[in-house]
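Given two chains presented individually in distinct reference frames, assemble the corresponding complex, making use of the accompanying hints.
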Amino acid sequence: MLDGKNKMKKKNSMGSLRKNIIREIINTKSRFISILAIIALSTGFFTGVKTSSPSMMETGSKYFDDQNLMDFRLISTVGFDDDDIRAIKNEESTVDVMPSYMSDLIVTQDDIDFVVRVHALPEITDTNDKLINEPVLVEGRLPQKSGECVIDSYFYEANGYKLGSTIKFNEKVQNNNTADFIKNLEYKIVGVVDNPMYLTYQRGNTNVGGGSISFYMMIPPEDFVSERYTAVYVKTKASESGLSPFSDEYENTIEQQTKEYEELSEERIKIFNDTTLADARKELAEAQTEYNDKKAEAEKEIADGAKELHNGEAELADGLLKAEKEITDGEKELENGKKELAEGQKKYSEGIAEAKTKLTDAQNQYAAGKEAYTKAKLEYDTQISKAQAELDTAQNEYDKQYNVFYSSTKPRAETMLTLVRTVMSIGDSGITELETLLGEINEQYNTDLQSKKELEDIIAKLGEYRTKINEYLSISDRLEELNLNRLSDTLKKYINALNDAVLSVETLIGKLEGIYDIGDGVIDKLTGVTNNLKAYYNNLDDYSKQLDNAKVQLSDGEKQLSSAATQLENAKTQFENSKADGAKQLADAQIQLDNAQSQLDLGKLEYENAMTTGLLELQTAQTEISESEKQLDLGKQELETQKSEGMKKLKEAREKLAQGKAEAHSGLSEAEDKLNEAQDAIDALNNAKWYVYDRDENPGYSGLEEDALRVDHVAAVFPVFFLLVAALVCLTTMTRMVEERRTEIGTLKALGYSNVSIASKYFIYAALAAILGSIIGAILGLATLPYIILDTYSIMYTLPDTILHISWDSFAFSAGTGILCTCIVALITCYGELKQQPATLMRPKAPKPGKRILLEHIPFIWKHMNFTSKVTSRNLFRYKARFLMTVIGVAGCTALILAGLGLKDSITVIADRQFGEISKYDQVYALSEAGTSDKKAYLMSQFHNDKRFSDTLLVSQHSTSINYGKNQKIGLNLIIPEDDKTFEKMFILRDRIKHDKIDLNDNSVVINERLAEVIGAEVGDTISFTIDEVTYSSEISALTENYAGNYMYMTPTLFSKLINDETEYNVVYTQVEESYKDSGHDIANDWMQNDDIVTVSLISEQVDSILDTLDSLNVIVFVLIICAGLLAIVVLYNLTNINISERAREIATIKVLGFYNMETANYIYRENMVLTLVGTIIGLPLGILLTSFVVLAIQMDMVMFPQQINLISYIIAFILTVSFSFLVNFIMYFKMKKISMVESLKSIE
Amino acid sequence: MMKNFVEFENVYKRYRMGEVTITAADGVTFSIDEGEFAVVVGLSGAGKTTVLNILGGIDSCDEGRIIVGGKDISHLSGKDLASYRRYDIGFVFQFYNLIPNLTAKENVELATQICRDSLDADTVLDSVGLSQRKNNFPSQLSGGEQQRVSIARALAKKPKLLLCDEPTGALDYNTGKTILKLLQTRCREDGMTVVLITHNSAITPMANRVINMRNGKVISNVVNPNPMPVEEIEW
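Chains as they are written, first to last, in my numbering: chain S, 1 to 1245; chain R, 1 to 235.
Isolated chain R (complex conformation) (with noise of 0.2 Å):
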């Protein structure tokens, strides 16, 4: 296990509104093990979906430094962070951006044809419970299913790092239990490094690391050594 495997070093990010700046990374520094759980949590606008960005390498940071793996991606060039999507990250999206016009299937191999090293499409899905609707669009099926494509979709990438931005934002509180406890099984069986955004603090007690964001600024970073299963879990 690799300590520090995510590292943020005074990471700033700021976007020009016509005269207005705001800065949505002010100085955002932390660190996350490899195969830790991660929570950051904050209240909308807080900065936690820009740090999320920036780590998932959709996004740039004005200053600081963002080393994954031991790489520093904070200065890629749009190709090599492209690479780095590719190859490095699985994203799960609060609203599952499935493509519309894809099987279920399809939506998972669309993920696994462009890595060098996947899991099969059917192996994944059946790992999230989807054997049954494999070849169902994305508009027959339900939220929290289509949620569930979404993450298989990332995890058939076989990704050092699943990033996770509000992935229970829209589905109901069993729905969203389900898939959050899709991802701590991944977490902890597969050894997968995730971090999860949230406004929710409620769900902070099942994760191994608990970052507190509020104004674009980490206020705490803290290890819980006893994260509990989702299932005791109550919100």
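Excised from the complex, chain S in its bound form (with noise of 0.2 Å):
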């Protein structure tokens, strides 16, 4: 009973508390549905899109298990026989095998060639049970007999073909017919259908056409002619066991299996070569034989022949050499004259050049006689004349000198003559008397002394000499009137000594009378005058002697005188001699000039008549020779006319040998060309390869997967912002309805309810708007997420109606994280308050205070605020959690947009940079491997003589492969130009940032930067890649920017290098000329033509896939967008929500104090302005982090994003953001319009 009372009561209080759980959320309905609403929106995109993944590969994993896609493709290059086939189903893995046909055929449309993939329908063998790749068909039945086709259902979408029409196959596939392939060369459309392998609008390549495959088609598998199947498709026990195509099991497993059927590959080639190819080999090298000898005969017959001719040549030679050599004698001979006659030539000019000279000496000497006669004879006047005059100058000398000889001089010398005797007399005599009177004077001094009478007769005497001087002085004056100095001189000097002496005798006599003693010296001195005197007397004999001979002297000038007469007569004698011999001698000359100028004039006669008949005689000369060279000349010219016969004759000899030859050799050519055939036919069985495919070779398939990951990579961004956002709504929402209902709280504890039961409210109300906001959430986002992306991945992917593979881990993640922090949150602040005594709940709780805040610090801004925006403010701070909630919020909803638009415009961007700033090619055309340089050059010749390329650049570009981190490969192309400069036109290398040009250097390579990152390598770091399983390094010199593929580039000069071998170019990439740019297709058709270009393949088609992928990432963009509106409105809404319930009374207080409804909204807007405003700011590099996170995300080892955000995105993000809080604002001014004062202002509750 009490047990059913409680639970009666129990029953009841949990009646109450559901119906005030349930009036509480009918009287809060907008509270509810805040939280409702975040929760649902974070659960439903998070679900939505993490579902969309899944979704897409559940989704492909389904339509290839009911189309029951197989897991290999087995191509070989000789086919394959029953024994194979039996052989691949023997091997361990295999479930099921199917042999089947396959070949790319041409059909001409409008003059446009497409290569059609023609498979074989499907049908069960011995070795499979069930149908392998069945198609799907969309429309009309299978073919049901011979020459009905189904068609390619995008194909036939894409073009004109209907049911029932006929697809023509030209009867040419390049070399071959088409009937080789298949029996007919029509075909009837019967159907159209999907084939699992076609995953994408990609059909692959291939090596005949156009090098792309346009579509494909399914014939009966009857209709092919090959006796070997084509084709045999595999199913094992990978896909068979229920593994997920996608699953790394599944990869591992195939990759096993890979090398399984390698391995079986090669020994069912080795069977193949030991019995089919045995044979063949065997009758090749006995044709050969048969054709060595052939050829060996009749290569002796030529040589005969060859020989015969060679003696012809041989005695034609010789011929020939004879009359050569006699020419030359000729001609030596010829050459003779003429060097004669040059000599000739040469006397004659000599002779001539003599005599004229001789002449002119002639002349000149007669002349010069002729001026020296002219001369002479002047002379001979002149000299005649003024020895005349000299004649008679002489005679009258002459007789002047003989009058004054006679007359004067010879008188006047005797007259001397006879005074110097007369001196002379006198000095001898005083001289004796000197010497008397010294003996005297010596005799007085020696015997005794001296009688003084003795001495007065000496004084007497003395003045005898006296006088005597006197008398000498007067003959000495005389003398001089004679002018004959020189004696007078020599008198007076005799005189003045004389005058000495007898002064110094007179002294002596003075001295003897004055002192008489005085001894010796008087006497020496008188000795030494007596000696003086002496000597003075020699000298006066010299004088006589001298007169003497001037006696002598004056006879011989009497003499001369008369010798002179004489003289003068022999010269006036001599002089008429001489003067008549002059006359003579004149005369003479005279006669001899005159001779000579008669001789000169006939001199002159004989050489003018020698040089008239010189002149001649070369003149003959010369004529002859002429005529001998022109004889000459016609002697060469026959030779040669016979030379040329001979040649002639020789050369049409030399031709039917060769032509024999040729025969001989074409009829062998011919059996060698049959010869090689068999060989290459037998070369190509040789190298019977088995290609084994994946289903990754599946066009198109391994894609499926990236952009499946992709989707999950951008979903997983999300949640982050949701689940915070949502977290701090709740908190938000959830304070405010606790502190609303704190009375109620207060007046349940007061009335004994416990704490658990109080709370249990608020904890259900929030669960229950978590729960249902999830459930919600997930079904709306499960409803259209998922198949809005599908939908939009399904213009690329044929694939069937999307199957739902819902990811209930993010349902549990995002719904379980909501639905705690929001339950959370309403325990946190429930306990809050249930912590204060009843009785202080039950008092109104007072009004937050107002606070100062920060700006009011700086009045200059402060001052200048009105009072909405000074409480706006105040308020702004005061609630610091919804400030956190609505900038987070909104501030996410920009980024969210940014983001989606960023990575629209970095996608963009890839296109534009790659193809339009650094792949400058339009086409590349792959080259036949066989080929010599020489080929390649007429080849590359041909491109460049093609007007519709602008430039062409042959290049050697090989599939290279790197190895990195842990067992991780990479692939990439590797590209050698072999032109600098037109690489540099076509590729352009240059670093991201900066875009300084990069340059290849010869001793290291340049890769982009992508694959540099991927691989974790550095600018001069070596990195070591893989060619055909040879391993090469070399150093990184640069990184380029590249965005599209991975490359390395170098030079051939480094790659010959490595490869120790000669840079053989394989690829030629084109630039099509801007006029042409429209006819990509038809250049590239033209081009198939020509048997050396194996495949092409067009930028334009590229570009046009990549532009496909950015369509589909238009419809996340826009479901980015859609979610970050609904993130904005919630979080708006609600923060709006919670202020206009909390304020009502200020609301009411200002409208009553008059304010308009504009006035009063703006009150509170412009708190949610503000904080979009600062969330928009915040949100915008947020948006870039955000950008670059997403793009990382989707990033591709083959692609790299370049992050570009375009101006215009900023502006959308920030524009859309401030429309969303607009919107939210718009719907809260009626809320806000419907506050009644009346009601508002009652009391504080």
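Be a bit skeptical, because a hint or two may be false.
Capping the alpha-carbon separation at 20 Å, the derived lysine to any residue pairs in SDA-like fashion look like this [stated by the list, open to error]: (1) 105/R <-> 868/S; (2) 105/R <-> 338/S; (3) 1233/S <-> 60/R; (4) 105/R <-> 860/S; (5) 134/R <-> 862/S; (6) 134/R <-> 655/S; (7) 134/R <-> 855/S; (8) 105/R <-> 646/S; (9) 863/S <-> 134/R; (10) 300/S <-> 655/S; (11) 105/R <-> 855/S; (12) 134/R <-> 866/S; (13) 1231/S <-> 78/R; (14) 134/R <-> 859/S; (15) 158/R <-> 87/R; (16) 1234/S <-> 62/R; (17) 648/S <-> 164/S; (18) 1233/S <-> 78/R; (19) 105/R <-> 865/S; (20) 79/R <-> 1226/S.
Derived by calculation from the structure, the hints in this document are not laboratory data.
Structure representation (structure tokens):
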């Protein structure tokens, strides 16, 4: 009973609680919806997007299962036989094997060639129980008989074919006949299919036609002509065991199985070689021997002919040699004659010159002689007159002299002579007397003393001397008069001496008188004087002698005079003689001169004569020589004619031989060709190879997983935002709610309700909102997002209807986190209130007091703000949780929008940059491997000559791989340009940021930035790369900007050095002339006619494919924007809602004060607007970060996203966010308007 | 002085609460002269607040005519009513209704900034004796001080009519007295027409006119020729 009552009670209490909660929800709809919406948004978006990826894979996976998509496709160069098929079937991994056929054929439609891949329809055989690669019939029916086909739905939609129309194949497929492959040329379209092998619009490549397959079709297997199977489809345990085709297990299994089948292929090829090939080889060898024999025979015959020809040649050569010798001799003679003539001419001119010189000399001499004669005559005349004059002068002189001599000189001389003689005689006596005196003196002295008397005598005598001296003096004077100065001088000297002597004697005497005693000295002196006198006397003697001489001279003079007279006489005679001689000589000279004149005249005459004759002779000789020259030329001409005739004959003979040879050769070469063909055929069989292709080789297959994962990566970014915002929304909402219900809580508490039961209301309220939100969100999210996203991809993928593969993990995660956050927040706020006493709780909570904010301390700003602004500012900082919630929410909104737009910008820019700025080529032609460098040079010249190309570049291109990390491997293209300059025009190598040009050098390689990033290499590192299983290494010199694909660039020099061989070029890059840009396909088709071109790829097709991917991104961007908008709206709505309900009183008050509606609204909205602006401003840089995060998340090994956000994207993000804010304000305006002043003013609660 | 500055003519106001209709104003008719201190007195639910609300332009009447200063306000549009409140009415609330986030001075300025001709906030605050508390937030003020701010806010607009809804209701005796004194002084000195509602009939002697209401009807409208100063009133 009691129990029942309790139960009842409990039920009742539960009932009232439930009612309370339901009422609460109804009363606070907007609050409940706020929580519900944010949780729904976060759960729905996350679950929805997260489900897209597995759904996409699940859809694909189911499609593959349903159509029983093969695990392996085997292709062999020699086809397969039944034994091969059995061997494959017997492999452990094999479940089913379906042998089939496949050919690439050509259809021409409106002058355009299309390459069609023709498959055989799948059929049940001994080795497969189920059809493999079963097509999905879209329209019509499957072929039932030969000549019917089903066609590619993609192509069917794109082109004008209809059910029932006919496809006609070209008769030829390059060098082969279509009839060699299939039975009929025409096929009727009876149905349209999808084939699981073709997942996307890509149809793959081929070595036929334009290089890419346009569409596929399927015909009955019986229509294939080939004896051997051309394709084998294998179903293995990998897919049969139910592994998801996108799982790692599947991939690993396939990897192992690939090895298994490759091993099998080697075995089978060996068997093929041993059986089928062996016989063919033997036959070939025999044929070869026979051919060799025949060849030897023919060669011998040819050799004989050649020998004969050779002999003939020798004979001709001999004959010619002889004739040539004769001519040479003649020439030699002619040469000699010429030489002689030249010499004669030389001599003649020399003789003439000599004669001329001589004549001139003679003339000169004659002239000189004449001149000399004239001169001599003139001289003769002058000299005669001069001599006459001189003679006259001499005569006169003579007469004069004669006169002088006889009239003056002779008498004077005679007088003088007499005088001198007198003097002499006087002198003689004087001296003797003196000597005597001296002797006497001496005697006196010597004997005894002299008596005075004697002295007086002496004195007397001295007087005499004096007289005598005077006499002498007069004589001397007379001498002087007679101009006999010398004589006079001598005499004077003598006189003087005498005088001196007398004087000294007188002095002596005086002295003797004075000093008689003076002794010996006086005597000595006297002796000296005597001596002197003697000397003088001697001198006088000399003079006397001289006078004698003079006398002789005088007589001489007389003689001379007479001889002069004689001479004069002689001279006169001589003069007369010479005068006569001179005249005679002059006359002789005149005669000689005349003779010379006449001789000169004669000489001149002779000279002239000689000249004339010489000239004549020379001319004759000249004529003779030219005559003989002419004859020689004739001879030569004849020789030439004969020679050329001989040569012609010889040539004819040779040609005949050559012809014979050629004939023999062509016969042989035909045989050889046949032999070679046979050899080639055997070679082809010889190099037999199987190719083991797994599903990844199906065009577009691997893209599905990548695309799916990309969506997943993008989805991973968002829950953070949503959850954070959800938590904040719950926090603010629940806080407000609990605050509002303070009194109620207090009352309940006072009534004795336990904390748990009080709190449970709020807990349940929150949990209910969160759970409902999660469920509604998940349903809405799952119902929309996967379909939207998959629909987008269905543009690219041929997939059946989407199968939803709900990502329960994601749902559990997002819903769980949301619910947990909400409930925890509810409990925390609730218990915060419950801690207080019921009495406190029942009192109204004082409104949160106003507080000064930082801004107020900047009076400049604060003073200029109006009250709404002031209130706004204070409010903004008063409720920090709301501030955070709104700013994060709004920032998240902006960031999401920007990330979506940025993602699109980044990808758009790839196409622009890669194909607009970096790769400047339009078409890439792969050359066949066979072919000499000459052949390639010829091909290149053809390319150059094609005016539709503005540039062509020969490149050595190699598929290369680099190992990095742990067993990771990345493929890339190695580009080795032949020509630097063209390369620079077609491949722009540059630094991504600075745009500095990068040059190739001969020591290191350049790789693209993304590749370096993936393998973790830097500039300066040495990287190892593998080409055809050989590993090389080189240093990285620079990283170049590139977005699509991975590339390594190096120079031919470096490559040759690395491979130790010449660089062989195998690809031609071309740039199409601007005016031909639209006819790329035609150009490619034209060139595919060339056997040396294997494939063509058009860059425009790559661009299209990238642009397709871009379209699919639009949807993602749209979804992002919608979610971002919802986020902003929920947050702003919540904020405004709280603000309005909390501040209803304030609003009512200002309304009462007379604020108009708009003013009142602004009072609240200003907060929203400020928060929106702050959020947006924070959101923009956040968006940049988010963009890089998303871009990195979806980045592939092969593609680098440049992370570009256009200005317009920022603007759009900003405007959209602000618009969302306005939208919320608009909605809330009505709520605000409805606030009743009366109600709000009633009381505090 | 204008006679019949405020006129209520047969004003009805009915509230619909679910199925029940409450007639809050049941043919209310009265008039107040300009410059009078009028007290509307009555028990709770007598309809006095309704009358005040309708007079203040924050509620509308269902029937009848209200003329204030010669202008019929009974059929004004929302915007015109707002203008009416803005320029003609000063409201003093029982619970002051100050904006908690604005200081005393700012609360006054909130009113003055929307008026064409207003008093200086400082002057008004000085005149209500709050010179020292101008920069305090409401939460830092006592109830009386808050009510004075509220009165200052109403006066600053220079309203034609000052409406007071139980201004002393939340205050203690003495504070209430000061507030009433303030209002009476304003009325006397500035010639301001004041309409005050209260359930406390003890304060009626201070009024020029006492309007007594019961059950939504005016039961008396008495002019008091000799109003008592507030100091002399006791309750």
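Item to check | Hints violated by the structure (listed by number, smallest first) | outcome: 2, 6, 8, 17
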